[in-house]
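J.: One line per chain: the protein sequences are A and B, in this order.
Taking this note's numbering, I'd label the letters of the first sequence as residues 1 to 210.
Taking this note's numbering, I'd label the letters of the second sequence as residues 1 to 210.
If you're looking for bench data, these hints aren't it; they were derived computationally from the structure.
Being a predicted model, the structure only gives us computed values, none of them experimental.
Treat the hints with care, as some may be off.
Simulated crosslink set (DMTMM-like; lysine to aspartate or glutamate; CA at most 25 Å straight-line) [what the hints assert, rightly or not]:
#, chain 1, residue 1, chain 2, residue 2
1, A, Lys208, B, Asp5
2, A, Lys52, A, Glu72
3, A, Lys191, A, Asp17
4, A, Lys197, B, Glu169
5, B, Lys168, B, Asp188
6, B, Lys208, A, Asp24
7, B, Lys28, A, Asp5
8, A, Lys88, B, Asp162
9, B, Lys208, A, Asp164
10, A, Lys52, B, Asp203
11, B, Lys4, A, Glu29
12, B, Lys197, B, Glu32
13, A, Lys52, A, Glu29
14, A, Lys52, A, Glu127
15, A, Lys197, B, Glu32
16, B, Lys9, A, Glu99
17, B, Lys4, A, Asp2
18, A, Lys9, B, Asp203
19, B, Lys62, A, Asp2
20, A, Lys197, B, Glu72
21, B, Lys62, B, Asp203
22, B, Lys208, A, Asp2
23, B, Lys197, A, Glu32
24, A, Lys107, A, Glu127
25, B, Lys4, A, Asp164
26, B, Lys28, B, Asp188
27, B, Lys19, B, Glu72
28, B, Lys197, A, Asp17
29, A, Lys62, B, Glu112
These are the residues of each chain, in order.
There are 2 protein chains.
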Amino acid sequence: MDFKDVLLKRRAVNFFDPKKPVPDKLIKEMIEMAAQAPSSFNLQPWSLIILKTPEEKMRLRKLAWNQPKVSEAPVVFICLADRTGWEKGHPLVEKNFREMVKAGAMKEEQHEWFLNACQGLYGARPEMEQAFACKNAGFFAMALMFAAKHLGVDTHPMDGFDHDAVRKEFQISENYWIPLLMAVGYFDGTKTLLPPKWRKTYDEIVLKSL
Amino acid sequence: MDFKDVLLKRRAVNFFDPKKPVPDKLIKEMIEMAAQAPSSFNLQPWSLIILKTPEEKMRLRKLAWNQPKVSEAPVVFICLADRTGWEKGHPLVEKNFREMVKAGAMKEEQHEWFLNACQGLYGARPEMEQAFACKNAGFFAMALMFAAKHLGVDTHPMDGFDHDAVRKEFQISENYWIPLLMAVGYFDGTKTLLPPKWRKTYDEIVLKSL
Numbered sequence: 001m002d003f004k005d006v007l008l009k010r011r012a013v014n015f016f017d018p019k020k021p022v023p024d025k026l027i028k029e030m031i032e033m034a035a036q037a038p039s040s041f042n043l044q045p046w047s048l049i050i051l052k053t054p055e056e057k058m059r060l061r062k063l064a065w066n067q068p069k070v071s072e073a074p075v076v077f078i079c080l081a082d083r084t085g086w087e088k089g090h091p092l093v094e095k096n097f098r099e100m101v102k103a104g105a106m107k108e109e110q111h112e113w114f115l116n117a118c119q120g121l122y123g124a125r126p127e128m129e130q131a132f133a134c135k136n137a138g139f140f141a142m143a144l145m146f147a148a149k150h151l152g153v154d155t156h157p158m159d160g161f162d163h164d165a166v167r168k169e170f171q172i173s174e175n176y177w178i179p180l181l182m183a184v185g186y187f188d189g190t191k192t193l194l195p196p197k198w199r200k201t202y203d204e205i206v207l208k209s210l
Numbered sequence: 001m002d003f004k005d006v007l008l009k010r011r012a013v014n015f016f017d018p019k020k021p022v023p024d025k026l027i028k029e030m031i032e033m034a035a036q037a038p039s040s041f042n043l044q045p046w047s048l049i050i051l052k053t054p055e056e057k058m059r060l061r062k063l064a065w066n067q068p069k070v071s072e073a074p075v076v077f078i079c080l081a082d083r084t085g086w087e088k089g090h091p092l093v094e095k096n097f098r099e100m101v102k103a104g105a106m107k108e109e110q111h112e113w114f115l116n117a118c119q120g121l122y123g124a125r126p127e128m129e130q131a132f133a134c135k136n137a138g139f140f141a142m143a144l145m146f147a148a149k150h151l152g153v154d155t156h157p158m159d160g161f162d163h164d165a166v167r168k169e170f171q172i173s174e175n176y177w178i179p180l181l182m183a184v185g186y187f188d189g190t191k192t193l194l195p196p197k198w199r200k201t202y203d204e205i206v207l208k209s210l
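With the rest of the complex left out, here is chain A:
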């Protein structure tokens, strides 16, 4: 699909057809597409927990303001942002460094420099860890919503949930923040969506041009 169509046709869909499942093949494809998103030092600090059974979705729905879409959507993602995804010794950080060396993007002797740079940029203060994790997870989640739409699948990014209760219920470790849930499925064609919401203009977005 043309990107402009993907951009304009993507809507946060409130009503999913509970009888129309999304094939696993498409779920995999959209995740693999979104994995192409860029990230800080290519660290890719994003993960997903996928819920498909009615029981698991109801467990989540109870902690998500009881929103019907959480159980009506055939698939729900708990999106995770790894706040430690820059630390020395983290398996993916070390894998990333090895892959960078293999690809010629870094040199073996830059290992210490690389870890120190990560520590300085992402680990110096808790707000930096949080920014690192959530910004990059934001890149991934945005790419995921576009990839879904490209494959004809609708999504709804959700903030209305009890963050700490979801962490506890699904035994999500403290290193992860949960920046959003995402309902995934097909729009229920018997319902009507409101027109697209207003957006900030260029002049509302650009504070200064120097």
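Given the coordinates of chain A, work out where chain B should sit on it, guided by the hints.
T.: Just chain B now, with coordinates in the frame of chain A:
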């Protein structure tokens, strides 16, 4: 451009042609396209400072590890994430509520509920403010990189800068976090990019499927 092409052809470009400017019309178009990104309660807590003159880009480059691309790219964005973009009385929060009412998405009597929900989800702890700001700015920045590529323009998201020094140098108020800088321009065709970097597989991204 087909979304799959946008996705696969978007690269973090290290080398920009300093002699090839990006027309203002295209800058405006990519920003207006990216503005279609979704956000928490449609609050759109993202802003940009645009740098185009050599003097301004050099001011930034000095605080960004002296990376040549900061001054070689014809345009650089300082991307901003508003950590107070959910607060009662914030002009855009109040505008958003009025627009939601006008569009039938909320009712006038939900004003208090809306502000309380924002306070609970985004204002209860500093880490929530930071997550709110940076996740949504991540959505916007990802959409901006795709929109640029769709328009034939290259980008490079950058973390290598002194956050607090940039804030001070450009008089950016405390409510904003700077999740990234973004160089914008055209790839210098005399240079060669390394092949695309490795990405996590489906199995590395999905922690559990329930």
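J.: Hints first: check each against the structure and report whether it holds.
T.: Here is how each hint holds up against the structure:
Between Lys208(A) and Asp5(B) the CA atoms are separated by roughly 32 Å; this puts the pair beyond 25 Å, and the hint is violated. With a CA separation close to 10 Å, the supplied pair Lys52(A) and Glu72(A) stays within the 25 Å bound. A C-alpha spacing of about 10 Å is found between Lys191(A) and Asp17(A), which places the hinted pair at or below 25 Å, so the restraint holds. For a cut-off of 25 Å, the pair hint linking Lys197(A) to Glu169(B) is broken: about 35 Å separates their Cα positions.
Simply put, Lys168(B) and Asp188(B) have alpha-carbon atoms about 32 Å apart, too far for the 25 Å limit, and the pair is violated. For the proposed pair Lys208(B) and Asp24(A), the alpha carbon gap of about 14 Å is at most 25 Å, so the pair holds. Under the criterion of a C-alpha separation no larger than 25 Å, the hint pairing Lys28(B) with Asp5(A) is consistent with the structure, at around 19 Å. In summary, the hint linking Lys88(A) to Asp162(B) is supported, as the alpha carbons are separated by about 21 Å, within the 25 Å threshold.
For the hint pairing Lys208(B) with Asp164(A), the CA-to-CA distance comes to about 19 Å; that is within 25 Å, so the pair holds. With a C-alpha separation of about 17 Å, the suggested pairing of Lys52(A) with Asp203(B) holds against the 25 Å cut-off. The hinted pair formed by Lys4(B) and Glu29(A) meets the criterion: a straight-line CA distance of about 12 Å does not exceed 25 Å. For the hint linking Lys197(B) to Glu32(B), the alpha-carbon distance of about 29 Å lies beyond 25 Å, and the restraint is violated.
Of the pairs offered as hints, the one joining Lys52(A) and Glu29(A) holds, with about 17 Å between alpha carbons and a cut-off of 25 Å not exceeded. Taken as a hint, the Lys52(A) and Glu127(A) pair is broken in the structure, with Cα atoms around 33 Å apart against an allowance of 25 Å. Restraint check for Lys197(A) and Glu32(B): the C-alpha separation of about 14 Å stays at or below 25 Å, so the hint holds. Of the pairs offered as hints, the one joining Lys9(B) and Glu99(A) holds, with about 21 Å between alpha carbons and a cut-off of 25 Å not exceeded.
Taken as a hint, the Lys4(B) and Asp2(A) pair is honoured in the structure, with Cα atoms around 9 Å apart against an allowance of 25 Å. Distance check on the hinted pair: Lys9(A) and Asp203(B) sit about 29 Å apart at the alpha-carbon level, beyond 25 Å; violated. The suggested pairing of Lys62(B) with Asp2(A) is violated, with an alpha-carbon distance near 39 Å, which exceeds 25 Å. Annotation: proposed proximity of Lys197(A) to Glu72(B) is violated, straight-line Cα distance about 37 Å (limit 25 Å).
For a cut-off of 25 Å, the pair hint linking Lys62(B) to Asp203(B) is broken: about 41 Å separates their Cα positions. Restraint check for Lys208(B) and Asp2(A): the C-alpha separation of about 32 Å exceeds 25 Å, so the hint is violated. Only pairs whose Cα atoms come within 25 Å are accepted, and Lys197(B) paired with Glu32(A) is accepted, the gap being roughly 14 Å. Between Lys107(A) and Glu127(A), the direct Cα distance comes to roughly 30 Å. Violation of the 25 Å bound is thereby established for this hinted pair.
Between Lys4(B) and Asp164(A) the alpha-carbon distance is near 36 Å, which puts this suggested pair outside the 25 Å criterion. Simply put, Lys28(B) and Asp188(B) have alpha-carbon atoms about 22 Å apart, close enough for the 25 Å limit, and the pair holds. Distance check on the hinted pair: Lys19(B) and Glu72(B) sit about 9 Å apart at the alpha-carbon level, within 25 Å; holds. Restraint check: the Cα-Cα separation between Lys197(B) and Asp17(A) comes to about 38 Å, which exceeds 25 Å; the hinted pair is violated.
Straight-line distance between C-alpha atoms of Lys62(A) and Glu112(B) comes to about 23 Å, which keeps the hinted pair within the 25 Å bound.
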